[in-house]
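Taken in sequence, the protein lines are chains A and B.
Residue 4 is where the first sequence starts when you use this note's numbering, and the numbers rise one by one after that.
Residue 36 is where the second sequence starts when you use this note's numbering, and the numbers rise one by one after that.
If a hint is listed, it holds; no wrong ones were tucked in.
What follows is a set of in silico ranges between Cβ atoms, one per label pair, in the way DEER data are often shown:
| id | chain 1 | residue 1 | chain 2 | residue 2 | range |
| --- | --- | --- | --- | --- | --- |
| 1 | B | Trp180 | A | Leu222 | 56 to 62 Å |
| 2 | A | Phe167 | B | Gly92 | 45 to 51 Å |
| 3 | A | Gly139 | B | Leu95 | 39 to 45 Å |
| 4 | A | Val171 | B | Ala38 | 29 to 35 Å |
| 5 | B | Arg325 | A | Ser240 | 23 to 29 Å |
| 6 | A | Leu242 | B | Phe198 | 38 to 44 Å |
| 7 | B | Ile165 | A | Gly168 | 32 to 38 Å |
| 8 | A | Ala232 | B | Leu39 | 51 to 57 Å |
Keep in mind that the hints were calculated from the coordinates and are not lab data.
We put the beta carbon where it would ideally sit given N, CA and C, even for glycine.
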Amino acid sequence: MTESRLDRAAPWLIAAGCSLVAVNVAIWIAGASPWHVGKLAFAGAFGSAYGLAQTLAKATPLALTGASVAFALRAGLFNVGAEGQVAAGVLAAAVVGPRVPQGIPWGIGVILVACASMAAGALLGAIAGWLKAARGAHEVLSTLMLNGLVAVLATWLYSGPLRFGAQVHTAPVSAGARIPAIDHVLPALRGSALSYAVVLAAIVPFAAKWYLDRTRGGLRIRALGASPATAQSLGHSVLATNVRAMAMAGALAGLVGVHYVLGFKGYAEDGLGAGVGFTGIAVAMLGAGRPIATLLAAVLFGALAQGGLAVNAVVPSDTLLLAQSIVLVSVGAVVARSLAKGAAR
Amino acid sequence: MNALLVFIAQCISATTPLLLAALGGTLSERAGVATIALEGYILVGAFAAAVGALASGSALFACACAIVAGALMGALFSLSTVTLKANAIVAGVAVNLFAGASTRVALKVLYDSASNSPPLLTRSARTGSIGAVSLIESLSQPVTWLALLALVAVVTLVHKSAFGMRVEAAGEHPDALTTRGVSVERTRWIALTMGGALAGLGGAHLSLAQHEFVAYMSAGRGFLALAAVIIGGWKPARTALAALSIGALYALEATLSGRAAIPTVLLQALPFAFTLVAVVGLVGRVRAPRALG
Numbered sequence: 004m005t006e007s008r009l010d011r012a013a014p015w016l017i018a019a020g021c022s023l024v025a026v027n028v029a030i031w032i033a034g035a036s037p038w039h040v041g042k043l044a045f046a047g048a049f050g051s052a053y054g055l056a057q058t059l060a061k062a063t064p065l066a067l068t069g070a071s072v073a074f075a076l077r078a079g080l081f082n083v084g085a086e087g088q089v090a091a092g093v094l095a096a097a098v099v100g101p102r103v104p105q106g107i108p109w110g111i112g113v114i115l116v117a118c119a120s121m122a123a124g125a126l127l128g129a130i131a132g133w134l135k136a137a138r139g140a141h142e143v144l145s146t147l148m149l150n151g152l153v154a155v156l157a158t159w160l161y162s163g164p165l166r167f168g169a170q171v172h173t174a175p176v177s178a179g180a181r182i183p184a185i186d187h188v189l190p191a192l193r194g195s196a197l198s199y200a201v202v203l204a205a206i207v208p209f210a211a212k213w214y215l216d217r218t219r220g221g222l223r224i225r226a227l228g229a230s231p232a233t234a235q236s237l238g239h240s241v242l243a244t245n246v247r248a249m250a251m252a253g254a255l256a257g258l259v260g261v262h263y264v265l266g267f268k269g270y271a272e273d274g275l276g277a278g279v280g281f282t283g284i285a286v287a288m289l290g291a292g293r294p295i296a297t298l299l300a301a302v303l304f305g306a307l308a309q310g311g312l313a314v315n316a317v318v319p320s321d322t323l324l325l326a327q328s329i330v331l332v333s334v335g336a337v338v339a340r341s342l343a344k345g346a347a348r
Numbered sequence: 036m037n038a039l040l041v042f043i044a045q046c047i048s049a050t051t052p053l054l055l056a057a058l059g060g061t062l063s064e065r066a067g068v069a070t071i072a073l074e075g076y077i078l079v080g081a082f083a084a085a086v087g088a089l090a091s092g093s094a095l096f097a098c099a100c101a102i103v104a105g106a107l108m109g110a111l112f113s114l115s116t117v118t119l120k121a122n123a124i125v126a127g128v129a130v131n132l133f134a135g136a137s138t139r140v141a142l143k144v145l146y147d148s149a150s151n152s153p154p155l156l157t158r159s160a161r162t163g164s165i166g167a168v169s170l171i172e173s174l175s176q177p178v179t180w181l182a183l184l185a186l187v188a189v190v191t192l193v194h195k196s197a198f199g200m201r202v203e204a205a206g207e208h209p210d211a212l213t214t215r216g217v218s219v220e221r222t223r224w225i226a227l228t229m230g231g232a233l234a235g236l237g238g239a240h241l242s243l244a245q246h247e248f249v250a251y252m253s254a255g256r257g258f259l260a261l262a263a264v265i266i267g268g269w270k271p272a273r274t275a276l277a278a279l280s281i282g283a284l285y286a287l288e289a290t291l292s293g294r295a296a297i298p299t300v301l302l303q304a305l306p307f308a309f310t311l312v313a314v315v316g317l318v319g320r321v322r323a324p325r326a327l328g
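Could you build all of it, start to finish, from the sequences and the hints given here?
Next comes the structure, spelled out in structure tokens:
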């Protein structure tokens, strides 16, 4: 079954139309000129090297959470827990990052911390996957509860045990685990949050798709997504596949810790990464399992966040973030069905 | 004695929003639509109540505003899930994102603040022992009494009324309902909109009891309310008991935190941990509406 170009573009067009109308109405109610605000937002997000770098830096975690949600969907699982998995990944990076021994070769340190972040996210995902398969607890509810648990734990750790002296953040990560900011090569980007972690985010959606489409493990996940009965008839363990699918989705979300802690900040603090898990659902809906579309969707939402900051003096920055929800509402109808078809393929 | 009174007062206060949201969730889930949107309903209800209270100075008018705002969110959720047939989880996340962003925008526009509203419905402090004062404070909240009323109303509606049977049919055998000439869409619209109104009223309690609106003050209560629906086996009376249990854990946290040797983090984690364990333990013993999705 092949989709026409129009089928693929339809969710994007509908989302663009609805969110343009809604955001413009919101801007107008807030008492500003939509055209003026639009120009400001565009200039803020794309108009300068710095703005573009900020947009990409904000897109980095979204590409990862988007890939995570899309990955679990192929197994027929709704990963509403990316929010908590991101928090766990950030937490793990904050714990392991400063403990990487000085003098360890640079790449090794980064890999160590990345593994810790992925493991933390994977653990949360695996719990939800296990609860689903072994106990029949719906993954949406269990991941929401896990989100709440991790948020409480993280707030406590950041305010006490992990606090770095008088600072409101954790100890800085070792030099051997820092991912350099790109402003070292491009001075025009000075001060932006963009680090080489963006490369990671650009690769992950492709790697996830390759795994799903080309490996034995990916086939099992897709079979489970088609139906548990299919998985069973192929001789797969439904329990193991549920756990693996959720663990891998959790690992992808956990990688966000690398972006924030090793790249952007160099340490962790409370609230870092809040919201990117839920926004990842919107990214996954627009991405519909296609890596390039996922990356474009991440950049789109990154631009909305950055553009929102640029217009903050005229209208509240959240005005542009309203677009996220409108996109979800308007696309949900179209995409949820095509994703269901995708899962069945 | 004082500690006990404070605990009871906190129980009442923490249960009220959970109970109302859970009753709203019971209605819309029984109609066959998974409702993680409860979180967004609560937040918007809390904000609308704050606006109403600041504009009129009346708590009852604030409640009315919250009910209307919640019903509008319920209608929005119906539009996307029932009419446009969007996936209910996706639409629920959308409603929650919309609630977070729109209340923040409105906070900025109306009160020029990114985080909270001006204080509302404040009055001079009551005198007396701390236990008695907090109990009177809890019992003087109109939403608490409205919640009890809503419990009776929802139990009656669900188990005794023709509409309740139609809602159940919409959640169990939508095709049978269609065969009988009753519109499934219309039934779900009404149930979801009522659910939004109830949860919105629950939100009103948050801002009225705290005498201000704070951005994202729902803080996961909608998700816990949804869990209460599941723990209660989609039956309103049992759901109310589940909401009371979760409320008691919140009250434990509020009463003990900073006082006992127990670390606050454990107390704060209690509602989520208990709920997770309860849901896992009860699976198989409760049955979800067949058409839930």
